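Visitor: Each chain is listed here by its residues.
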Amino acid sequence: MSDVSEQLPVDSEISENADFLSFCLAGELYGVDIRDVEEIRVWERPTPIPRSPMFIKGVINLRGMIVPIMDLRLRFRVGEADYLPTTVVLILRSVADDEERLIGIVVDAVADVISQGEQTLTPAIGESTVTPFVTGLLNVGEQVLTLLNTEELLNIDTILSEG
Amino acid sequence: MALDMNQLRKMFFEECRENLEVLETELLGIQPENVDPETINTIFRAAHSIKGGAATFNLLDISEFTHAMEAYLDEVRNEKLSLTSHSVDVLLRGGDCIKEMLVGHENDAPVDPELRSTVTNELKKLLESDTDSSSTESAPVEDSATVVDQNAPRVGWHVNFLPHQDLFFSGNDPLRIIGELLEIDASAEVVCDSSKLPPLAGFEAELCYLSWQVNLDGMIEEDAIKEIFEWVEDQCDLHITPQYGDLESAQTDTATAAEPEAVVEKTVSTEPQPMAESASVTKVAEKTPEKATAEDKPQRAAKADSSVSSIRVDIDKVDNLINLVGELVITQSMLTEIGNDFSNDKIGKLKSGLDQLLQNTKELQENVLNIRMLPMSFAFSRFPRLVRDLSSRLEKQVNLVISGEHTELDKTVLERIVDPLVHLVRNGIDHGLELPDVRTESGKDPMGTISLNAYHQGGAIVIEVKDDGAGIDCDRLWNKAMEKGVVSSDMRREEMTDKQVLNLIFAPGFSTANEVSDISGRGVGMDVVRRNIEELGGHIEVESAVGVGSSFTISLPLTLAILDGQLVKVAGEVYVIPLITIVESIQIDTQCVKLASGGIELYRLREENIPILRLHEEFGLGESGSLDGRLLCLVEAAGNRIGLLLDELLGQQQVVIKSLESNYTKVSGISGATILGDGSVSLILDIQGLITAFKRRQADGSSGGIAA
Chain Y
35 MSDVSEQLPV DSEISENADF LSFCLAGELY GVDIRDVEEI RVWERPTPIP RSPMFIKGVI
95 NLRGMIVPIM DLRLRFRVGE ADYLPTTVVL ILRSVADDEE RLIGIVVDAV ADVISQGEQT
155 LTPAIGESTV TPFVTGLLNV GEQVLTLLNT EELLNIDTIL SEG
Chain D
184 MALDMNQLRK MFFEECRENL EVLETELLGI QPENVDPETI NTIFRAAHSI KGGAATFNLL
244 DISEFTHAME AYLDEVRNEK LSLTSHSVDV LLRGGDCIKE MLVGHENDAP VDPELRSTVT
304 NELKKLLESD TDSSSTESAP VEDSATVVDQ NAPRVGWHVN FLPHQDLFFS GNDPLRIIGE
364 LLEIDASAEV VCDSSKLPPL AGFEAELCYL SWQVNLDGMI EEDAIKEIFE WVEDQCDLHI
424 TPQYGDLESA QTDTATAAEP EAVVEKTVST EPQPMAESAS VTKVAEKTPE KATAEDKPQR
484 AAKADSSVSS IRVDIDKVDN LINLVGELVI TQSMLTEIGN DFSNDKIGKL KSGLDQLLQN
544 TKELQENVLN IRMLPMSFAF SRFPRLVRDL SSRLEKQVNL VISGEHTELD KTVLERIVDP
604 LVHLVRNGID HGLELPDVRT ESGKDPMGTI SLNAYHQGGA IVIEVKDDGA GIDCDRLWNK
664 AMEKGVVSSD MRREEMTDKQ VLNLIFAPGF STANEVSDIS GRGVGMDVVR RNIEELGGHI
724 EVESAVGVGS SFTISLPLTL AILDGQLVKV AGEVYVIPLI TIVESIQIDT QCVKLASGGI
784 ELYRLREENI PILRLHEEFG LGESGSLDGR LLCLVEAAGN RIGLLLDELL GQQQVVIKSL
844 ESNYTKVSGI SGATILGDGS VSLILDIQGL ITAFKRRQAD GSSGGIAA
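Protein chains in written order, with my numbering: chain Y, 35 to 197; chain D, 184 to 891.
Simulated from the structure, these hints should not be mistaken for lab results. Values in this document were obtained by computation on a predicted structure and should not be read as measured data. Where a beta carbon is used, it is the ideal one built from N, C-alpha and C, also for glycine. Treat the hints loosely; a few may be bogus.
[As the list claims (entries may be wrong)] Just the calculated beta-carbon pair ranges, DEER-fashion: (1) D:R495 x Y:D132: 44 to 52 Å; (2) D:E791 x Y:S195: 21 to 29 Å; (3) D:D602 x Y:S195: 30 to 38 Å; (4) Y:S195 x D:R675: 31 to 39 Å.
[Stated by the list, open to error] Residues of chain Y clear of chain D, computed beta-carbon distances all greater than 12 Å: (5) R97; (6) P102; (7) A143; (8) T156.
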């Protein structure tokens, strides 16, 4: 990971030369800005929260902090929620109104760190449960990576309204 | 300057608050007809420190305003004027003004100038009752810059400022003073005399060897100049002499008189010198506000609780902590010793070591919590002022009795209990106490009494607010409640005990009434009071007797961070129920389960019908099935009882409360989370919330309704 961080651009603009952490979700490739990733954990059963949206699996103890975990497959309605040994939890961080929020997302597997390089993002097309959270699309070899906007993804009001 | 100005400013704000408190307390203690000169001195000193500090930090509005107060106090101190109850009022309001300006500076928010100008005017009026000299002083704002003295024949002032060598020790800075002089007269000539500088070998960096001559425009009032030097008066030799007629000759005159040698050398350096001085001065002046705003912004993000962010701790408490940590270290090294070369025969030693560790940890925890504890006086100290203001406005005579102000309470709890207390006291005076002649008629002392008392009871603190007023008439309260629709119209007075009727004043419907004073209308806002207290995990009770008075008793947990919890199991999940809410736990006897009002399950326990809340369904954890032989945990909040259906009772333990909201959101029925010994997360039940939601559902008619 250390050479990755050396390549990190200094400016906070996501538009070019950003690094993304890609992950698999129901056969598709997704990515988030690597600077939003706090840590990667193995799946452990969270404590369920009553009256929460069905894709909120519960809360875990992250070094003394109570962090909610959401299942992205359930939220995007792209597949069944079975928890395999490769299932991982990405703890993402977003800052809104000067307040930092940590939320974990359950994904099938972490793939790679991908550098944007000279490529530009192409806008998302079509309409699906995912589009509201998409920053853009990026070609990665033969695959297309859907880049997600962490802030939108972690927006608590959106989460609760979907529930 | 490598000093962190922001840190210093913060310290000043804190100090200023303390001084304001002194000011207020002393002023409140004053009997205008019999004033102790020492009291006046104390007040004067407090004002003086505020002014000086404010000036140092460039908070000119505060220093100017405080100057006006100080000027008046000085006259009182010198017995030229005497205090009246009116002037005490004005001074108290002055204190409020300063407080407001202080808050304004802290949060970078604008301050309403109106209050300030009214108080300034009143202070001026107070001073004008005296000689003219002081009245000019009272308005330094206008004087210093704009007021033009037509009669003055003088063309300039010659100021000779010879600081004592130890000037720096008092925290004063000649540069600042000269900067201020330049502010009132930008064209002033400043000549620095460095002739007293010793040879480099004997030079002490902390001493001041320089002195200055400043020539100022004659249009400036002498007082304005004096004011600038006021702060260093006794740390320097200061000569302010007016210059008349020809400027040049006057200058040489005085200059020769003062510094015959220096002049020759200095005439050459006169021009660049003041330039250099003023340049550096303006730089500082520009920098400070800029820096302040830049650094204040992130602070504002931490919101208006700037006064809350730090805590002053009794040194004894810190000493205690250090001792405990020392013991912990000893225990730790003892355990290491045993571990290094362990054999089975040392098991006894190991056990005693672990016991000791347990003891140390417990004590350490207690002591760390203790650091957050503040005496009740923090909350009580504002009441003398409140009572004074209110009693004069309502023309009632009130005697305030405060006891238990040394009882300690967690800072967070303390800060949040203040508002409810203020409300109770205000209500007590406004509606509870009768007017003096009414009191006399009914054979009471015309002076009413409000008493505040705080004491520890078990793991909680109890705060009582009592008055010896008219009391609450239950029957009239009842009628009012009927009128307002707080109780349903088919209820009958006889069905309720007086205590239940009294509790109606906490009902939400009452608070919407504008004025209910005809029934010592304690209803206004009482629901808010109760809600605030319950949010802190406490509860409030009221007792009242007609003609004798009323008494409100608040009990609160000592801290919000830790609670004694009962661990329980529901559908395989572990939940924590705050121990304080639990009345008892029973095994369900199906004979006692009754159905009523459309399917609501009630448990008959000693003539009382307790609604059963099935937590499985409540939290969407599946079906709970038959009640037979299951566990029912009776919990109570705000006088309402409910039975929670559980699978299993686990152990009791103290749990540290963690927020669910910081990363997620508030969840109804859940007050927070905690981490158990095995690292797993367990949710803490919000009993009050559960009961309220349950009752609301019942009222809505949805039988046993399950929200999922």
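Visitor: Would you mind marking each hint as holding or not holding in the structure?
Guide: Hints versus structure:
1. D:R495 x Y:D132: 44 to 52 Å: This hint is violated: roughly 27 Å between Cβ atoms.
2. D:E791 x Y:S195: 21 to 29 Å: About 42 Å separates the Cβ atoms of D:E791 and Y:S195, which means 21 to 29 Å is violated.
3. D:D602 x Y:S195: 30 to 38 Å: holds, 33 Å
4. Y:S195 x D:R675: 31 to 39 Å: Violated - the Cβ-Cβ distance for Y:S195 and D:R675, about 46 Å, lies outside 31 to 39 Å.
5. R97: violated, 10 Å
6. P102: Violated, because the least Cβ-Cβ distance between Y:P102 and chain D comes to about 4 Å, which does not exceed 12 Å.
7. A143: holds, 24 Å
8. T156: holds, 33 Å
Of the hints listed earlier, those the structure fails to meet are numbers 1, 2, 4, 5 and 6, in rising order.
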